[in-house]
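First to last, the protein sequences are chains A and B. Counted from 1, the first sequence has number 606 at position 606 by this note's numbering; the numbering is strictly sequential. Counted from 1, the second sequence has number 1198 at position 198 by this note's numbering; the numbering is strictly sequential.
Calculated from the structure, these hints are not laboratory results. Since the structure is predicted, the reported quantities are computational estimates derived from the model, not experimental observations. Think of the CB as a built atom: it goes at the ideal place given N, C-alpha and C, for glycine as much as any other residue. Each hint should be verified, as a subset may be incorrect.
Said to hold, decoys possible - Restraint ranges, calculated between C-beta atoms of paired labels, are given here:
no. : chain 1 : residue 1 : chain 2 : residue 2 : range
1   : A       : D370      : B       : E1325     : 21 to 29 Å
2   : A       : G86       : B       : R1425     : 56 to 64 Å
3   : B       : E1325     : A       : E684      : 48 to 56 Å
4   : A       : K149      : B       : D1218     : 19 to 27 Å
5   : B       : K1017     : A       : T342      : 27 to 35 Å
Said to hold, decoys possible - No farther apart than 20 Å at their CA atoms in a straight line, the calculated lysine to aspartate or glutamate pairs in the DMTMM-like style are these:
no. : chain 1 : residue 1 : chain 2 : residue 2
6   : A       : K145      : B       : E1386
7   : A       : K645      : B       : D1260
8   : A       : K318      : B       : D1260
9   : A       : K203      : A       : D226
10  : B       : K1610     : A       : E607
Each chain is listed here by its residues.
There are 2 protein chains.
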Amino acid sequence: MEQLFNPQSIAIIGASKTAGKVGYEVLHNLVKGGFEGPIIPVNQAGGELLGLKVYRDILSYPDPIDVAVITVPAEQVADAARAAVGKKVQGVVVVASGFKESGNMGRALEEELIAICRKGKIRLLGPNCLGLINTEIKLNASFSKRIPKPGAMAIFSQSGALCTAMMDLADSRELGLSKSISIGNKADITEVDVLEALARDDKTKVIVGYLEDISDGDRFVKAAEDASTNKPVVILKSGTTVAGIRAAALHTGVLGGKRDTAYGAAFRRAGICRADSFEALFDYSTALAMQPPPKGNRVFVISNAGGPGTIAADAIEKAGLVVCEMSSETKTAVQHILPFATKVNNPMDVSGEATPEHFGALLEAAQDDDSIDAVLIILAPQYLDEPAETARAIAGKLNFTKPVLASFLGGDDVMPSRRELAAARLPFYASPERAVATIRAMYDYGEWKRRPARHVIRFPVNRRRVERIISRRQRTGRLQIGEVKSKDILKAYGFRILDGRMTVSPEQAVEIARFIGFPVAMKIVSPSIVHKSDLGGVRLNVGSSQEVADAFELMMLRIRKHAPEAKIDGIYVEKMAEKGLEVIIGMTRDPQFGPMLMFGLGGIFVEVMKDVAFHLAPITEDEAIQMLSSTRSYELLKGKRGLKKVDVGALAVALQRISQLATDFPQIAELDINPLIVGEPGTEPVVADARMSFVKPEKDLRAGS
Amino acid sequence: MEQLFNPQSIAIIGASKTAGKVGYEVLHNLVKGGFEGPIIPVNQAGGELLGLKVYRDILSYPDPIDVAVITVPAEQVADAARAAVGKKVQGVVVVASGFKESGNMGRALEEELIAICRKGKIRLLGPNCLGLINTEIKLNASFSKRIPKPGAMAIFSQSGALCTAMMDLADSRELGLSKSISIGNKADITEVDVLEALARDDKTKVIVGYLEDISDGDRFVKAAEDASTNKPVVILKSGTTVAGIRAAALHTGVLGGKRDTAYGAAFRRAGICRADSFEALFDYSTALAMQPPPKGNRVFVISNAGGPGTIAADAIEKAGLVVCEMSSETKTAVQHILPFATKVNNPMDVSGEATPEHFGALLEAAQDDDSIDAVLIILAPQYLDEPAETARAIAGKLNFTKPVLASFLGGDDVMPSRRELAAARLPFYASPERAVATIRAMYDYGEWKRRPARHVIRFPVNRRRVERIISRRQRTGRLQIGEVKSKDILKAYGFRILDGRMTVSPEQAVEIARFIGFPVAMKIVSPSIVHKSDLGGVRLNVGSSQEVADAFELMMLRIRKHAPEAKIDGIYVEKMAEKGLEVIIGMTRDPQFGPMLMFGLGGIFVEVMKDVAFHLAPITEDEAIQMLSSTRSYELLKGKRGLKKVDVGALAVALQRISQLATDFPQIAELDINPLIVGEPGTEPVVADARMSFVKPEKDLRAGS
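Hey, can you work out the whole structure from these sequences and the hints?
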């Protein structure tokens, strides 16, 4: 990878003399960009191009070549790649489209290309990509017109257009880039390789990415987490809605977009700053490239006008940040700096009378104040203002101990030169709201960096027992299991299960009920019935022998009427659970990111209010508590509206046990405890009902092929 | 008002020869702006200024003067205003700050100024304002450096800085303005006057406003509704959070910010396009000034790159709009236009191969397609692109039958001249997301315009009965009423109340219970106890005489223990309500906007999930249904999770009856039916409990002063 990004020599297979053709433009960009190593144009026609000798064949070039950019059309790419392999290059960049994204024929071409590179042990960037830029070595191996100037941001993108748009934006702000990597169809090199490489790259201070799908969820999370530990990773992930997934599938040929919840959970785990719009991607990455994340959520606003200050205060509160109190020292300092100010407050309205020096002095005071974590300076165009001087005064006082962002309202001419702002590392925003959203993103990143070390608790469990149940089921192909077996598994993992037994006759049911004590719950056990209660297959609070006998016969009668085909194993008689709060705990195995835990309050809260939290397993105790408290209905767990306070800690333990179970057994595809009944502090939650399903064992898949 | 905006002649009281002083800058702006009527500088010093004779006194000018701009400091404003009154001007503009916003002394100065203007029967704009611009007559009576060019947008703002920022933005987009009105402290002329005037102003096609508080809610809603009927009104209202309200209070001296829900309800009623950020204010108003609102929610995306198309599709779905199917004719047309396109779809990825002509032809096809309501064209910078030509080709095909918006990604140089785009009325956005948010705002405005005529149903009620209860209470000063009296009032307005009677002894309670039939509910009646059930003051499902007698004594005993001070009137014995869904219907009288109705599902849904809908009274049947269906828990009303479907129509009627009650009796300050028990279709909801409070009668207030 590193060699692909840092070649000593580079060939362009398909170099062309016709301006406008990719084979010309890439060569032209390489030459114009000022790459200092050998540039080797390759074309059967031979001759000379842009002052360089054109080789008819890559093999005829006498010295080694590190990277070959292949600019020929899709059909000719395989031959070019074979030649590159023959020349023993380290990697190839394939620009052409017409591969996987264009249908079955293209897909076949891509498979062939992948096979050639894999066999030849060379790395492949693309196809269907813009190319590669490394400003450090003045390498512009792309068909992007301009080479950006060197800088702190590295961009990678699944869409060439987004890559160019970001470079264009950066350029218009006089911001530099370290690398720009268009990953295109990701036939070999994916976001994971790029994250790994950029994490190690000293020139890159912030990694900025655009993704539509993720190739390997587990490796992605790992790579992104490692990268985030070193430097901020800001990603815009599109294809998060049904319409977006469809659109992404149309143009990249991947059906990669998964439910957004899984991405949300994965991004949170990995510490990724998630941008929810194209502008946010640029906003967040610029600030993170220039300034440190804040140590807390307390924001101080300095504004030369009241209105924008009010807008900022609204935005800060809505973002979950705090319009903070300044310390009494700062108050005194402000009074001293602005003797004409009638009120000393946050937002600090300095009025039109404030000079650039006033702004500078105020910023100094705010930077010295430990009760302020971030500073937002707003400049609205006012009569007699000197916005450029003010910005300069601010920039001159920046000490980078806490983030300082500026918002310049109005047209572009209120601003000093962008070059100057970029050089001073003062990020600026066209509105207070965007600056505040950026502070929030920086704060989240800071919080992630400050997170406690992750210690996943491992509870003592009976793993063997679960292994036996699962392998038997996988052997027999009965991949759905119902309440009874699910409870067996959960019991082995430390869950509290009530006394109960399967019964096949009214008499046996009565006997069992007497043994475990009244009242009891009675439930139909049938592999073919999933929603027991919808079919009258559940009776609660059955209080006497007579009632148990009656219920048994009635349930059997009714279930045979409603579901005559159903195979009935019997009726499960169980001790009736104490009253408590009903919650749902679940796990689904995401095809990208693996086991994802789910929590929500029973019934209506999950189904109607969609008040659900998700988290990737394995989960730590802290994360489990956070997961619980991220639901709106968390208030109810703490006791409210006549409900008793429940044992939140025990609920967190339940989540961790499920996490352990899901991690221990990749065979479990889905799992649902619905409901888990949680009681007062000091009590153990009870599994009232549960279901699971298993994945088809691998050998079945092989047998089927 | 119209005369204030269209003066024939204008005086500047306090005209100054010192550049940088407001008295100089306003005069300079007037002269430079090219105002064609007489400009009369007034200053005791006399002499000449910018080629104009300076009058020592406004009275010494021989001809009539329509408007005087007062540019002297706050302390001298009263004298200047008196002189203006003496000269019989129509209105004055007071620029100086140092009035209400600066504390008690300023407040007194403002009161004096208001009194002078009121007595002199002249209108007053300001104080603490930027001034007034009317491009039609080249009037720049402000201290804003530039006079915008004439155009379709009128701006009014409570913050001078926001006014300038908007003008600046408009200018940088080469957009014109009709008027710019800085309303400052709104001592006389408020947003209501401005809305009324701009609604009538032919030069204004869109009204754009920034507000921090609203002076008179009722008049505002009326004026905004009238204005919206003629032309779009786009408003950014800040001070919507606790921090924002505090900030607004600091700099405008008003504690105007009310709970955001009231503003939300008022804005919806009035058809205002509410911008939720500074950028949205500009985004929405630009599009509405240039293009018609869409007839429906179906958006077609044309993009020259896949990535931004995917981002747009995500944004459209998230905004509640539809990534639509094009008609089969359009599909054929597109295949014909783009023979090289492998897929014909929405988003339509035209690829880098598309020429400007292709874009133009596609737009024509999309404009002709009745299954498309709005078109979004995305241009990302690509190799070989001609963004300027493409934009020109698009602009050339616009027929304004449906909105067409463009999104240009990347730096500014990807764009054609802004002048050209403005002249072609093609609004453009820096990101697909902002363009989509704008289409949504336009769609909402279109929906509002298409709303059915509002027919408020008036039910036959016993108004006299309610009048008697309220006036008695207001006389005695007992302004809170409990369940029994509240039910009397609700019964008079057609609500179903169950049989019940007040009782003062166990014997009487038993007698009543027997009369109305078991089971009964028993509730403490006490003017001093608000939360009856918290104190054990409610017993439900009391099933026999013995239980009634026991409950009576126990409740009395307990309540005396818990609340020994409470005056107990007795115990209300009532027929037990049938089971049903518990909902809350309420009304609070907003100080700005009057009676505001509230609806939510009982208990947890309102208090924990905040799943509540608000609407201003009077409400129509349609609006009541909409209000119900705007809650997330609406699904439950339709039957879900074992709950029975309830009579939604009857619930809508209940809302309308409350609306009528609240409109008929401004004396009712607050009202709460909690719960209202709603049953299956065909049944009438039952008021299970209710409370009300009344406003202090006017005469009490007078007596107190």
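Evaluation of the provided hints:
1. D370/A x E1325/B: 21 to 29 Å: violated (58 Å)
2. G86/A x R1425/B: 56 to 64 Å: holds (58 Å)
3. E1325/B x E684/A: 48 to 56 Å: holds (54 Å)
4. K149/A x D1218/B: 19 to 27 Å: Since the Cβ atoms of K149/A and D1218/B sit about 59 Å apart, the hinted range of 19 to 27 Å is violated.
5. K1017/B x T342/A: 27 to 35 Å: holds (29 Å)
6. K145/A x E1386/B: Measuring from Cα to Cα gives roughly 13 Å; hence the hint holds.
7. K645/A x D1260/B: Given pair K645/A, D1260/B is violated - Cα atoms ~32 Å apart, limit 20 Å.
8. K318/A x D1260/B: Measuring from Cα to Cα gives roughly 12 Å; hence the hint holds.
9. K203/A x D226/A: holds (17 Å)
10. K1610/B x E607/A: Cα-Cα ~17 Å, so holds.
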